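Listed below are the residues making up each chain.
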Amino acid sequence: DGGITQSPKYLFRKEGQNVTLSCEQNLNHDAMYWYRQDPGQGLRLIYYSQIVNDFQKGDIAEGYSVSREKKESFPLTVTSAQKNPTAFYLCASSIYGVYNEQFFGPGTRLTVL
Amino acid sequence: SQQGEEDPQALSIQEGENATMNCSYKTSINNLQWYRQNSGRGLVHLILIRSNEREKHSGRLRVTLDTSKKSSSLLITASRAADTASYFCATDGKGSNYKLTFGKGTLLTVNP
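One line per chain: the protein sequences are A and B, in this order.
My numbering applies: residue 1 is where the first sequence begins, and numbers increase by one.
My numbering applies: residue 1001 is where the second sequence begins, and numbers increase by one.
I should point out that these hints are in silico values taken from the structure, not numbers from a laboratory.
None of these values were measured; they are calculated from a predicted model.
Any given hint could turn out to be false.
As the list claims (entries may be wrong) - Mimicking DSBU-like on lysine-lysine, the simulated pairs with C-alpha atoms at most 30 angstroms apart in a straight line are:
no., chain 1, residue 1, chain 2, residue 2
1, A, Lys9, B, Lys1070
2, A, Lys70, B, Lys1026
3, B, Lys1026, A, Lys71
4, A, Lys57, A, Lys71
5, A, Lys9, B, Lys1099
6, A, Lys70, B, Lys1099
7, B, Lys1104, A, Lys57
8, B, Lys1069, B, Lys1094
9, B, Lys1104, A, Lys83
10, B, Lys1070, B, Lys1099
11, A, Lys57, A, Lys14
12, B, Lys1026, A, Lys57
13, A, Lys57, B, Lys1099
14, B, Lys1094, B, Lys1056
15, A, Lys57, B, Lys1070
Whole structure, please, built from the sequences with the hints as guidance.
Shown next, in the form of structure tokens:
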């Protein structure tokens, strides 16, 4: 089955720890995205990548880092510098270009204890 | 920055009724998309309307786009309890490098 997967589904972190969220897709999409969603809010773009070995900051990149070493994978690291990391994190992928419907993973809910 | 803003924030209707949600945006767009999100899940793409289109249909969904007013509406006809979800509009702004900007969503509750 083609799709996009995220793991883990739930993640608990102690303050001061870095954590990495996984995102994998087998849709052969060039572009991948990470969003953050807070309760009752829309999605805010953290980072995006349009091609392997290249990525750009979105609207709220501070405290986060990413890598794009493979077309299929776009992991997100939430660092200790992110002051309020508790949120629902969504990964998406799309073909690159206009008319770009995005396909979303099921999300990872991160809670800082 | 939030480009799209949905209205109303919440909508409660009875099964069988129609549901209309609106989206306003601020800058010129390449296209506008509507997504659905069930509670605690990822988003699912519903429909995309291009900037040169005025209306589009997909099953029980009807989307309109008025670029002069920078607004769009999503109509769900003959709603079902399974339509209960949050609905988001997303805009692909001109010059945005094909990034989408999402609104805050409309929470639709369809009562059986």
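Are the Cα atoms of B/Lys1026 and A/Lys71 separated by 30 angstroms or less?
violated, 33 angstroms
Assess, step by step, whether the Cα of A/Lys57 is no farther than 30 angstroms from the Cα of B/Lys1099, and give holds or violated.
holds, 11 angstroms
Would you mind confirming whether the straight-line C-alpha gap from B/Lys1070 to B/Lys1099 stays at or under 30 angstroms?
Roughly 18 angstroms separates the two Cα atoms, so the pair holds.
Is B/Lys1069 close enough to B/Lys1094, meaning Cα to Cα at most 30 angstroms?
With a Cα-Cα distance of about 16 angstroms, the restraint between B/Lys1069 and B/Lys1094 holds, given a limit of 30 angstroms.
30 angstroms Cα cutoff - pair A/Lys70, B/Lys1026:
violated, 36 angstroms
Checking one constraint from the list: CA of A/Lys70 to CA of B/Lys1099, max 30 angstroms. Satisfied?
holds, 21 angstroms
Is B/Lys1026 close enough to A/Lys57, meaning Cα to Cα at most 30 angstroms?
holds, 22 angstroms
Given pair status - A/Lys83, B/Lys1104, alpha carbons within 30 angstroms
holds, 22 angstroms
Pair hint A/Lys57 and A/Lys71, alpha-carbon separation not exceeding 30 angstroms:
Measuring from Cα to Cα gives roughly 18 angstroms; hence the hint holds.
Given pair status - A/Lys14, A/Lys57, alpha carbons within 30 angstroms:
holds, 25 angstroms
Does A/Lys9 pair with B/Lys1070 here, judged by a C-alpha cut-off of 30 angstroms?
At roughly 37 angstroms apart (the allowed maximum being 30 angstroms), B/Lys1070 and A/Lys9 break the hint.
Within a Cα-Cα threshold of 30 angstroms, do B/Lys1094 and B/Lys1056 meet the stated pairing?
Holds. B/Lys1094 to B/Lys1056 sits at ~21 angstroms (cutoff 30 angstroms).
Against the hints set out earlier in the document, violations occur for numbers 1, 2 and 3.
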